[in-house]
Each structure stands twice: as structure tokens, then as C-alpha cells.
Amino acid sequence: MVRQRSTMRLKKIDIFILKSFLLLFSGTFFLCLFLFLMNTLWKYVDVMVGKGLGLGVLAEFFFQSALTLVPVSLPLAVLLAALITFGNFGERYELLSMKTSGISLLRVMRPLTVLCICLALVSFYFQNVIGPDASKRLGVLAYSMYQKSPELEIPEGTFYDAISGYDMYVKRKDSRTGMLYDVVIYDVSRGFEEIRVIASDSGRMESTEDKRYLYLHLYSGEQFENMEAQNMSRKNNPYRRESFREKHILIEFDSDFNLIDEQFVSGKATSKDMRKIRHDIDSLSAQQDSLGKGNLYDYRAVALAKGFVPSQRDSDRIAASPVSAINTDSVFQSASRQDQLRYMENMQSRIRTQQSELSFKKSSMSVGDENIRRHWIEWMRKISLCTSVLIFFFIGAPLGAIIRKGGLGVPVIVSVFTFILYYITSVSGEKLYREGEWGMVGCWLSTIVLLPLSVFFTVSANKDSTVFEVDVYKVFFRHWFGGKVNRNLILKDVVIEDPDMERCAALNGRILECGSELVTRRRLLPDYVKLFWGEGTAVSDMRMLSDDIERLVEELANTRDKVIIELLNAFPVMPVYGIEPPFGNRTVNAIIGYLLPVGLLLWVRAALFSVKLNRQVETVTGIASNLRSYMETGKLNDNY
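Taking the numbering used here, the leading residue of the sequence shown gets 1, the next gets one more, and so forth.
Simulated from the structure, these hints should not be mistaken for laboratory data. There's no promise every hint is true.
Here are the simulated lysine-lysine pairs, BS3-like style, with alpha carbons at most 30 Å apart [as the list claims (entries may be wrong)]:
(1) Lys474 / Lys484
(2) Lys635 / Lys562
(3) Lys99 / Lys474
(4) Lys382 / Lys431
(5) Lys484 / Lys382
(6) Lys474 / Lys530
(7) Lys562 / Lys484
(8) Lys484 / Lys293
(9) Lys99 / Lys12
(10) Lys382 / Lys19
What follows is a set of in silico ranges between Cβ atoms, one per label pair, in the way DEER data are often shown [stated by the list, open to error]:
(11) Arg92 / Arg586: 45 to 53 Å
(12) Lys562 / Arg478: 22 to 30 Å
(13) Glu554 / Thr619: 33 to 41 Å
Cβ atoms here follow ideal geometry from the backbone N, Cα and C, with glycine treated the same way.
Given these sequences and hints, build the entire structure.
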């Protein structure tokens with residue numbers, strides 16, 4: 001019965017954890033998806049503005065964009081939701097209650113781990129099944145929007161050639177009334193030989209109701225038109241000049257939104273599933289091998305024809321010739337000056353031709369290799385994005401348990417920096433692999449960087465590691481750089497055993513005697529040899545003084561006298577370890593001593609500690625003198 005109750009209790013905890021996570025995940029997912037959609041909007045804003053697109057086209061564009069962005073949004077949403085969930089658990093001491101009940105952090109993360117595995121499978125499904133079709137539809141929409149000419153969006157100060165057969169220049173326009181000023185139109189619809197130029201002071205453009213024509217109204221201008229096609233053999237060509245107060249032109253213009261053929265974007269790797277990508281990689285690789293062999297065959301044929309490579313017959317003849325070597329310099333020098341120039345020009349021409357051919361073939365081969373690498377990048381990205389869901393969870397959940405901060409403050413900051421690290425490593429690695437500078441490891445660079453972090457954070461959080469506690473680092477820096485440590489003794493309300501004042505007086509006298517002796521024979525700079533190969537007398541005396549002070553403070557801490565408590569609080573905590581050998585192992589200290597750059601740095605640190613300790617010894621001497629005076633006469637020295 002006890003085991004059954006425990007099982008039921010743990011199941012309720014699983015339900016509680018899942019509800020807490022799913023509630024936050026639903027919000028963070030749509031938030032991340034919205035942010036990525038806004039990024040897509042800024043990317044295509046120039047393509048969409050002024051095109052007269054309908055709401056249906058825009059809705060489909062954003063819907064297809066959202067489908068392609070789901071795999072990218074899932075890792076960031078999981079990271080943010082895990083950080084907030086476990087941060088809330090830690091901030092509300094719910095995680096502490098679970099641990100005190102014998103439930104480890106890994107047990108708390110178990111239901112969410114199963115959920116994240118399901119989310120990773122959903123991410124893979126979107127990338128391999130829904131994503132390619134959505135990417136294809138998105139590419140068709142984007143390119144169709146790019147090809148669609150704006151209805152009335154004529155730019156100022158530049159020539160506009162989106163209307164077929166016309167180039168239009170507008171110096172200024174009124175966006176409120178739609179009037180165009182200082183309009184120049186080049187009509188090349190009948191060919192450049194019969195070009196027509198129209199210049200007017202103002203004008204206005206509108207589309208017909210059927211969206212098939214543009215109706216252009218021009219005011220106060222002139223028209224120049226060739227009467228006949230220009231003939232290069234004639235010096236003069238007749239043309240006609242016409243002045244007008246008002247002129248109307250009907251231009252054929254299809255304003256409807258037409259989708260391009262899907263085959264135009266079907267060759268991209270983003271519009272293929274993994275099976276199609278592998279099939280196309282094999283086809284492209286075979287094509288590249290065939291192209292490379294063909295280039296090699298062509299190069300050998302051309303080189304053989306032009307004399308760069310000897311034929312087999314010539315090679316046999318040269319090998320059978322008794323002449324061991326041909327001095328080309330002497331042959332060249334024996335020719336006439338005119339022949340020498342002809343030889344040089346001929347050879348330079350052949351070299352330039354060959355370089356141009358090789359450069360073109362290299363470029364074509366590079367484009368093919370890059371296309372293959374793009375397919376491999378997309379194939380491996382479908383897997384890496386799935387694994388990133390789990391990696392981000394095992395980063396967010398332990399960090400939330402360690403930081404113990406909920407809400408949208410610290411978790412958002414940590415999520416942004418983590419995702420920036422992921423994005424930079426992912427883009428940089430894929431770019432290096434796409435350019436052929438790295439191998440396939442570049443596609444997994446983000447995983448290689450973040451996976452050890454997730455393991456480290458999970459292990460640290462499960463073991464309640466103090467790696468993220470600020471006090472640990474404060475103690476570390478105080479130890480190595482000698483930070484000040486204050487005593488905080490207070491009067492005790494209940495004292496079980498009063499201090500032995502005679503023993504304390506003797507101990508204080510020994511402190512005063514030792515401090516005075518150290519002041520008289522103080523040494524500012526430590527001995528380098530004794531620092532790394534043994535302790536000196538000054539270090540031993542300083543250690544003895546520090547131990548006596550701690551024993552005196554511990555003994556007199558039970559006193560009922562407020563003045564003595566204040567004097568004890570005035571005793572400094574002496575960092576004697578700063579002038580002792582830096583490490584506990586004598587072999588390590590000896591090795592560090594031989595490594596002069598590191599040894600000198602530690603020696604400088606010991607010198608700084610030595611200066612500080614000398615000042616503290618003077619302070620200790622003064623406090624011990626006042627304490628002896630107060631314990632003997634009940635009064636302090638005048639200089640205190």
C-alpha cells in the first residue's frame with residue numbers, strides 16, 4: 001500500500017510538471033514564431049509593399065512562412081519554457097520540496113524529456129514532410145510577388161522599367177493626390193529603332209477596372225517620335241515633334257497576381273525531403289564525376305593539339321633520340337628578333353586561352369560542388385534541428401534550477417545569449433562547409449558546442465554544484481587576491497562558560513611580543529627560493545601569530561564585556577597563505593618555481609600579500625597593546 005501511494009504521488013507530480021511546462025511552452029512557442037515571422041516580414045517587405053496583393057495571397061504567404069519556421073521556433077521555445085518553469089520551481093521552493101522528498105532533478109525532468117522527444121519527432125515531421133512543400137510554396141509566392149509589377153508605386157528620381165516596353169522617370173510625386181511631376185517616358189514597345197520620347201510637366205496614372213491596362217494622363221508636354229527606322233547609312237532620319245496640353249495613353253499591363261511554375265523552385269534543397277535529397281546528391285555527384293572526366297579529357301586533347309603535352313609517338317621518339325637534353329634557351333636565342341617576338345606572343349596567347357578555359361571549368365565545377373554541399377547541409381540540418389530541441393531542454397532546465405529565477409527577466413536574457421551562440425556557430429559552420437573550407441563537421445558545429453554545455457549543466461544541477469553561486473567566486477577571488485574579511489562578533493545573551501582571563505592575557509602578551517618582533521625585522525619582498533622550495537622563519541612566525549589571534553578571539557568571544565568584543569572585531573584576519581608556497585604539493589611548487597613566467601606572477605602576488613601582512617602586524621600590535629591595557633587597568637590607551 002505504501003508503494004502504491006508513492007507511485008500515485010509521483011504521477012501527480014508528473015502531471016503538475018507537465019501542466020506547468022505546457023502552459024509556458026504554448027506561450028513561448030507562439031512568441032518565438034511571431035518574432036521569426038517579423039524577421040521574415042522585414043526580409044520581404046520591399047517585395048510586398050505597393051504590389052496590390054490581396055489578403056488571400058498575404059495570408060497564404062504568412063501561413064507557409066509559419067510552417068517553415070516551426071522547426072526553428074521549437075528549440076528556442078523549449079529553452080525559454082524550461083528556464084522559466086524550473087526557475088519558478090526554484091523561486092517558489094517547489095524544487096527544494098521535491099528534492100527533500102527524495103526526488104532527484106533527473107526524475108523531475110523525466111516527463112519533460114519524454115515530451116521533448118515527441119517535440120523533436122514533430123520537428124522532424126515538419127522538416128521532412130510539411131517543410132519541403134511549404135518551402136516550395138513560399139518560394140513560388142515570393143518570386144511571384146517579386147515578378148509582379150507594382151500597380152502605382154513609381155519611385156522618385158530613378159528610372160522605372162517594370163512596365164514592359166516603357167522606361168519611366170518621375171522627379172517628384174504627391175502620394176496624397178497621386179500626381180506625378182516632371183515625367184519623362186521612353187516608349188520602346190516598337191523597338192529601339194522607333195523609340196518615342198514623351199516629356200510632360202505633370203501626369204497621373206491609374207489602372208482600369210479589369211486590371212489589364214494602365215491609363216496614363218499627361219499634361220503640358222512634348223512628344224518626340226522617329227518617323228522611320230534608323231538607318232546607319234543615312235546621315236539624317238525624319239522625326240516628328242508634338243506639343244500637347246493633355247495626352248492620354250493606354251498601356252497594356254496585367255495587374256493580376258499570377259503564380260510562376262513550381263518547377264522553377266523545385267530544384268532547391270529546401271524544397272526536398274531527405275530521400276529526395278539523397279537521390280539528388282547521388283545524381284549530382286555522378287554528374288560532377290562525368291563533368292570532371294570530360295574536362296580532363298578535353299584538357300589533354302587541347303594540350304596535345306597545341307603542343308603542351310607530347311603524344312605517345314613523340315614521347316617514344318624523344319626517348320629513343322640520342323640527344324639527352326634540348327637547350328631551349330639556345331634555340332630561342334638563335335632565332336631572329338621577329339621570330340622571337342612571334343614565339344612569345346603565340347605562347348602568351350596560348351597561356352591566356354588555357355587559363356581562361358581552366359578558370360571557366362573550375363568555376364562550373366565549383367558551382368556543382370557547392371550545390372552538392374548545399375544538399376548535404378539541408379539533409380543534416382533536418383537532424384541537427386531535431387537534436388537541438390533536446391539539447392536546448394537539457395540546457396534550459398538545469399540552468400533554471402540553478403539560477404532559481406522565474407518570469408521573463410533572467411530567462412529571456414539567458415535564452416537570447418544561448419540562441420545567439422547557437423545561431424552563430426550554426427551559420428558559421430554551414431558557411432565554412434558550403435565554401436569547402438571545412439568538412440561535414442561544420443554542419444554539426446552548433447551541436448558540438450552546445451552538447452557538452454548541456455551535459456555539464458545537467459550534471460552540475462543534479463549534484464547541486466556551486467559552480468553558479470556568486471559566493472563561491474567571491475571566496476575564490478578573496479583567497480587569491482587577498483580581499484578584506486571582517487569579523488562579526490556580538491555579545492551573547494547566554495554564556496555557558498566564561499573565558500579564562502589569565503590564559504587570554506598570556507596569549508595576548510605572546511601576540512604582542514611576536515607582533516613587535518615581526519615589526520622590527522619585517523621584510524617586504526618574499527624569498528623566491530623559500531616560496532617554492534620551503535618555508536622561511538618569517539612565514540612560520542607569521543603563521544604562529546595568526547593562529548594565536550584566532551585562538552584568542554575564539555576564547556574571548558564568550559566575554560560579557562562590550563569593549564573587548566569591539567577590540568576582538570578590530571583584529572584583522574591575516575591571509576598568511578599568501579606568502580606560503582602556493583600549492584600543497586611540493587613537486588608542483590618546484591615545477592612552478594622553474595617555470596619563471598608563472599613563478600614570477602605568483603611571486604608578485606606573494607609580495608603584495610607580504611606588504612598587506614606587514615600593515616596588519618602593526619595593526620595587531622596596537623590592538624593587542626590596547627587589549628592588555630584594558631584587561632589590566634580597565635582603560636584603553638590614549639591613542640586608540
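Outcome of the hint check:
In summary, the hint linking Lys474 to Lys484 is supported, as the alpha carbons are separated by about 11 Å, within the 30 Å threshold. Under the criterion of a C-alpha separation no larger than 30 Å, the hint pairing Lys635 with Lys562 is consistent with the structure, at around 13 Å. For the suggested pair Lys99 and Lys474, the alpha carbons sit about 27 Å apart, so the restraint of at most 30 Å is met. Proposed proximity of Lys382 and Lys431 is supported: the alpha carbons are some 17 Å apart, at most 30 Å.
Distance hint between Lys484 and Lys382 is unfulfilled; the C-alpha atoms sit about 55 Å from each other, more than 30 Å. At most 30 Å may separate the alpha-carbon atoms for a hinted pair to count; Lys474 and Lys530 meet this at roughly 29 Å. For the proposed pair Lys562 and Lys484, the alpha carbon gap of about 23 Å is at most 30 Å, so the pair holds. Simply put, Lys484 and Lys293 have alpha-carbon atoms about 75 Å apart, too far for the 30 Å limit, and the pair is violated.
Our distance criterion of 30 Å between C-alpha atoms is met by Lys99 and Lys12, whose separation comes to about 16 Å. At roughly 29 Å between alpha-carbon atoms, Lys382 and Lys19 fall within 30 Å of each other, so this suggested pair holds. Distance hint for Arg92 and Arg586: a CB-CB separation of about 50 Å, consistent with the stated range 45 to 53 Å. In this structure the supplied range 22 to 30 Å holds for Lys562 paired with Arg478, their Cβ-Cβ distance being about 29 Å.
Checking the proposed 33 to 41 Å range against Glu554 and Thr619 shows it is violated: the Cβ atoms sit about 19 Å from each other.
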